Amino acid sequence: MTTVIAQSLLDVDFGLFAWILITFLLFMFILAKFAWKPILNALKERESSIKDSLESAEIAMEQAKKISADNEKAMKEAEQKAQEIRKQAVEEAEAIRQERIEKSRKEAEAMLEQARETIEQEKQKALVELRKEVADLAVQAASKIIESELDDKKNKKLVDEYIQDISKN
Amino acid sequence: MKQYFRIIILILTTIALSHQSLSASEEQQGVESNSSPVDLLSKVVDSNYLDFQPLGYIELPRFFYAEDGFHFFRSTTSALNSDRGFIDVAYLENEPETEGGVVVPATYELTRAEGEPQILFDFSITKHLVWFWFGVFIVFIIFIPLARKYQRGVGRTTEPNGVFQNIFETLVLFIRDNVARPNIPEDKYEKFMPYLLTAFFSILFMNLFGLLPWGVSSTADVTVTAALAVLTFFATQIFASKDHWKHIFWFPDVPVFIKIMMIPVEIVGQFTKPFALCIRLFANMTSGKILIFSLISAIFIIDIHFGAIAAYGSSIFWIGLTLFVYILKAFIAFIQAYVFVILSALFIGLATEEHDHHHGDEHAVEHAHS
Numbered sequence: 001m002t003t004v005i006a007q008s009l010l011d012v013d014f015g016l017f018a019w020i021l022i023t024f025l026l027f028m029f030i031l032a033k034f035a036w037k038p039i040l041n042a043l044k045e046r047e048s049s050i051k052d053s054l055e056s057a058e059i060a061m062e063q064a065k066k067i068s069a070d071n072e073k074a075m076k077e078a079e080q081k082a083q084e085i086r087k088q089a090v091e092e093a094e095a096i097r098q099e100r101i102e103k104s105r106k107e108a109e110a111m112l113e114q115a116r117e118t119i120e121q122e123k124q125k126a127l128v129e130l131r132k133e134v135a136d137l138a139v140q141a142a143s144k145i146i147e148s149e150l151d152d153k154k155n156k157k158l159v160d161e162y163i164q165d166i167s168k169n
Numbered sequence: 001m002k003q004y005f006r007i008i009i010l011i012l013t014t015i016a017l018s019h020q021s022l023s024a025s026e027e028q029q030g031v032e033s034n035s036s037p038v039d040l041l042s043k044v045v046d047s048n049y050l051d052f053q054p055l056g057y058i059e060l061p062r063f064f065y066a067e068d069g070f071h072f073f074r075s076t077t078s079a080l081n082s083d084r085g086f087i088d089v090a091y092l093e094n095e096p097e098t099e100g101g102v103v104v105p106a107t108y109e110l111t112r113a114e115g116e117p118q119i120l121f122d123f124s125i126t127k128h129l130v131w132f133w134f135g136v137f138i139v140f141i142i143f144i145p146l147a148r149k150y151q152r153g154v155g156r157t158t159e160p161n162g163v164f165q166n167i168f169e170t171l172v173l174f175i176r177d178n179v180a181r182p183n184i185p186e187d188k189y190e191k192f193m194p195y196l197l198t199a200f201f202s203i204l205f206m207n208l209f210g211l212l213p214w215g216v217s218s219t220a221d222v223t224v225t226a227a228l229a230v231l232t233f234f235a236t237q238i239f240a241s242k243d244h245w246k247h248i249f250w251f252p253d254v255p256v257f258i259k260i261m262m263i264p265v266e267i268v269g270q271f272t273k274p275f276a277l278c279i280r281l282f283a284n285m286t287s288g289k290i291l292i293f294s295l296i297s298a299i300f301i302i303d304i305h306f307g308a309i310a311a312y313g314s315s316i317f318w319i320g321l322t323l324f325v326y327i328l329k330a331f332i333a334f335i336q337a338y339v340f341v342i343l344s345a346l347f348i349g350l351a352t353e354e355h356d357h358h359h360g361d362e363h364a365v366e367h368a369h370s
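Residue numbers (the working numbering), protein chains in the order written: chain A, 1 to 169; chain B, 1 to 370.
Just so you know, the hints here were simulated from the structure itself, not pulled from any lab data.
Do not take every clue at face value.
[As the list claims (entries may be wrong)] Here are the simulated DSS-like cross-link-like pairs (lysine-lysine), alpha carbons at most 25 Å apart as the crow flies:
no.: 1; chain 1: A; residue 1: Lys-44; chain 2: B; residue 2: Lys-188
no.: 2; chain 1: A; residue 1: Lys-51; chain 2: B; residue 2: Lys-191
no.: 3; chain 1: B; residue 1: Lys-149; chain 2: A; residue 2: Lys-37
no.: 4; chain 1: B; residue 1: Lys-188; chain 2: B; residue 2: Lys-259
no.: 5; chain 1: B; residue 1: Lys-149; chain 2: A; residue 2: Lys-33
no.: 6; chain 1: B; residue 1: Lys-188; chain 2: A; residue 2: Lys-33
no.: 7; chain 1: B; residue 1: Lys-242; chain 2: A; residue 2: Lys-51
Because the structure is a prediction, the values reported are computed rather than measured.
Excised from the complex, chain A in its bound form (with noise of 0.2 Å):
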């Protein structure tokens, strides 16, 4: 009985095989071409869509950053730049400002110079003149004093040397 059982159960029978072998390699086929291949070709595409979109969000990430700390960068070199401008603004202000003072110190001096000259020149021209008038006057003094007792020569010398000694003090 057992070995009957035994027997009956590991037949292996060659119609059904045969049967089974067919069409499950039909069944393969057609699976294949109207299921596995459009949901696999389907799962692929998303996949590669999903990952490509996470590629291309990364690099607009990426550019953003890159972006942001450009202008980040060029913000501080404006600043940068202006504040430079202005110092330069204030020293030239602080230049001219010392040239002008400088400039009009010379002119006051050099006026002031101009006025020693004048004066100096007056002062030289005038005592020539006033020696001259003195030597005149005195001359004529001494010519009118002395008139009768001497004659023009001898009170010329005279009036030379005490001249001369005037001016010598």
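Let chain A serve as the given structure and place chain B on it in line with the hints.
Okay, now just chain B, sitting in the frame of chain A:
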């Protein structure tokens, strides 16, 4: 599990002993009939009819090749009642049973009344074939609409939509990412995906059919699993790489006499792999089936041998155990389908991979040294 059985047997023996006098008459009856009260075998082996008892049988078409050519009949009954001389083997000795003037089949095994000419190849559509087709049909009605859905763009450009799509997409991805990709080389796995997917889902549904009322799991037939294993065998041999053949006929990195010894070992190995595949699936599914039938039948056997009270008393244990085995079988349905495809993928992977090992060079160096 063993302990469980021991306890149950112990309890049953006590019940049996206490009711011995009561069941004496029934026991005699059981001995008288002297045959199994439950026809377990007919539930397990293949047949030429679909069993929907108590609603009835559906006879399947007979198609076979005899020495005088092909014969095709709508059913076994029509074959028996045809004028081509076919007779049920049971009627060779006994008088044919008739129902309203029509001869009805007894064993469904046909033969010639005169013995000649013989039936050579039986291509009849059988119970297991029909349930195999049902299984594949389920795969069709699930995945072809699903594929349409993907083609429409749902799941292709957008996210998958709905429970149905999510469940089966997960399974498909599981086969691709956990079965095919880790085992088969990256550039070749796509070629084997249709086979692995078809095998997985058809085996899964065939296994699960065993859990349905009237359902039959075709994978509990060694012929069906053998056919599937043969497909894996062909897949490994047809798509095998050069390295695979090199490994069989000239095993690398070993001395020459071992190389020669390895040839038969490797060749046998090529056949044992799919053979194990076939037997594993068949044995797992058949054992579960027989176990469930046996546990249910135990109630009736106890009824015959120890009486109705013992049968009623113990039935709770048998039913509890049956439920346990049933749940186990539901797991096994998934596990065995998975095991079949992962081992197929492994064998295919082993056969198709090309390893750029430097066996040759190392070997030469070794030889030079020795």
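Going through the hints against the structure:
1. A:Lys-44 / B:Lys-188: Since the Cα atoms of Lys-44 of chain A and Lys-188 of chain B sit roughly 15 Å apart, the hinted pair holds (cutoff 25 Å).
2. A:Lys-51 / B:Lys-191: holds, 23 Å
3. B:Lys-149 / A:Lys-37: Given that 25 Å is the threshold and the Cα spacing comes to 13 Å, the pair holds.
4. B:Lys-188 / B:Lys-259: This hinted pair is violated, its Cα atoms lying about 29 Å apart.
5. B:Lys-149 / A:Lys-33: Holds - the C-alpha atoms of Lys-33 of chain A and Lys-149 of chain B are around 15 Å apart, at most 25 Å.
6. B:Lys-188 / A:Lys-33: Given pair Lys-188 of chain B, Lys-33 of chain A holds - Cα atoms ~18 Å apart, limit 25 Å.
7. B:Lys-242 / A:Lys-51: Judged against 25 Å, a Cα distance of about 35 Å means the pair is violated.
Hint violations for this structure: numbers 4 and 7, all remaining hints satisfied.
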